[in-house]
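Next come the chains, spelled out residue by residue.
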Amino acid sequence: MSGETKTLLDVEDLRVTFPTRTGLIEAVRGVSFSLGRERLGIVGESGSGKSQTGRAIMGLTPPQARISANKLAFDGIDLLAASPRERRALRGKRIAMILQDPKYSLDPVMSIGRQIVETLRTHEKVGKAEARDRALAMLEAVQIRDPSRVFDLHPHEVSGGMGQRAMIAMMLIAGPEMMIADEPTSALDVTVQLDVLGILDRLVSERGMGLIFISHDLRLVSSFCDRVIVMYAGKVVEQLKASELGRAQHPYTRGLLNCMPKIGADRHPLPVLDRKPEWAA
Amino acid sequence: MTSAIAVDRLEVIFDRFRALKGVSLDVQPGESFGLVGESGSGKSTLLRAIAGLAPVASGSIAVNGKTLGARRDKAFYREVQMVFQDPYGSLHPRQTVDRLLQEPLAIHGFADGEKRIQRALDEVGLGNGFRFRYSHQLSGGQRQRVAIARALILEPSILLLDEPTSALDASVQAEVLNLLEEIRKRRKLTFLMVSHDLAIITHMCERLMVMQSGEAVENLAANDLVERRVTKDYTRNLLRASDGFVRSD
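First to last, the sequence lines map onto chains X and S.
Counted from 1, the first sequence has number 267 at position 267 by the working numbering; the numbering is strictly sequential.
Numbers given in the working numbering equal positions in the second sequence, counted from 1, plus 1000.
Some hints could be false.
[Unchecked claim] Computed footprint of chain S on chain X; a stretch qualifies when at least three of its residues, placed anywhere within it, have a C-beta under 8 Å from a C-beta of chain S:
(1) 188-197
(2) 212-220
(3) 247-261
[Stated by the list, open to error] In silico DSS-like pairs for lysine-lysine, Cα to Cα no more than 30 Å straight-line:
(4) 1188/S - 262/X
(5) 103/X - 1021/S
(6) 262/X - 1232/S
(7) 71/X - 235/X
(8) 1021/S - 1074/S
To be clear, the hints were calculated from the coordinates, so they are not data collected in a lab.
Just so you know, these numbers come straight off a predicted model, no measurement behind them.
Ideal Cβ positions, reconstructed from N, Cα and C, are used throughout, including at glycine.
Between the sequences and the hints, there should be enough to build the whole structure, so can you do that?
Here is the structure:
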């Protein structure tokens, strides 16, 4: 990677709490990390707080939840002190987010092209014709073969892989500096997964973006990211370089790596995770 | 020996769409057979056609040597049971586990329900404490265990498994896969298992069939995959994809 050392995002002791009838649920309990122009993976199982961490950074936490942090700063801007208006200006323009399933996260009644143009014109003063040209160029950049045809299609008319590419195009058109990808390939077929990751890989390194890649798939994340954070029960249990995953120390990380079936490894029964209460402490 | 499942040139047509284009399959008793392919390849449709849940246009299906007609009788469902992909959608939300497990027993007129329910719950590692809970009070892994218990309660000889672990976390997936293997060994069951994950299929099955757009691409032994003895590009692509992402730089 480029030797950029500037910190893009600084998170210190982030907590997200949901009030419920039975008391407070702490979804995220004191997460700290910083992100430069690099690829950071956040891995964990369902309920580990990985998605809520991403959402808190993006400012998409549900209104009833409480967020607190010693520091939550993007490029020097204190996100917790920022007004909704300032957050809105950041969202989509400087921080973008890709969600899991294009079927649910694209607007079903708007053509793909119009959605991309809408994003662009919300954040930049451009004319209609120019916006259309840039949207087409962006669709081409995410390797959609016939951009002018796809521009006029609605989300239900395209496949999952194509929809996900359209969402990437929409997120990249305003030229964000940081992107949060929440399980961007989990809803896709394995073969399509690699195509989408390849596109993401190329665009992120070409544009020098910071990327937070949230996923439950430790193996996939470690092959894609520079650094990996492993979360368990709302906490970070381990932070390590992706290349050093084999030398993971925490039993949870090792357990997660171990319990996946591998082609060529004849292990019956599969090792299972023996969850210790002290991991969550 | 008669095959546990023999499918011959099966065609399934939804309206005008040919979901299965003449697929043949042969599974021996006690064998674990896998079906792999991407979404839309017809692997689940094949499973559902065997269970009587898809419109068969032509071709034949035989289970334990008996050719099946358009309608499945009760005897068929005592031999063949299915476990579905999504444990959140396949359990009745307003029935307790006990009630869920009684349903198949009542349909088939078993008298020793009490004993069978307890045995089935024990077998899937869920003890009596779970018996009077609702499915929303269970985790995903526990729900899938209930679904497996429900399939086992009639003591079938064949289980059809449609992506039984793809909705589960990796660690829970390992537990459920281990449970399925253990039950198969103990009860000498025949498995026909669908998955998009080659690693799971090579782990669970001795033989497998790769499918693409409603057709069989190739038949392999699990060892062929381990030693990468595949002949078709499509299978090679699937294999490469299961290795994970390789960075260009």
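Verification of the hints:
| no. | hint | in the structure |
| --- | --- | --- |
| 1 | 188-197 | holds (count 7) |
| 2 | 212-220 | holds (count 5) |
| 3 | 247-261 | holds (count 5) |
| 4 | 1188/S - 262/X | 25 Å, holds |
| 5 | 103/X - 1021/S | 28 Å, holds |
| 6 | 262/X - 1232/S | 21 Å, holds |
| 7 | 71/X - 235/X | 16 Å, holds |
| 8 | 1021/S - 1074/S | 28 Å, holds |
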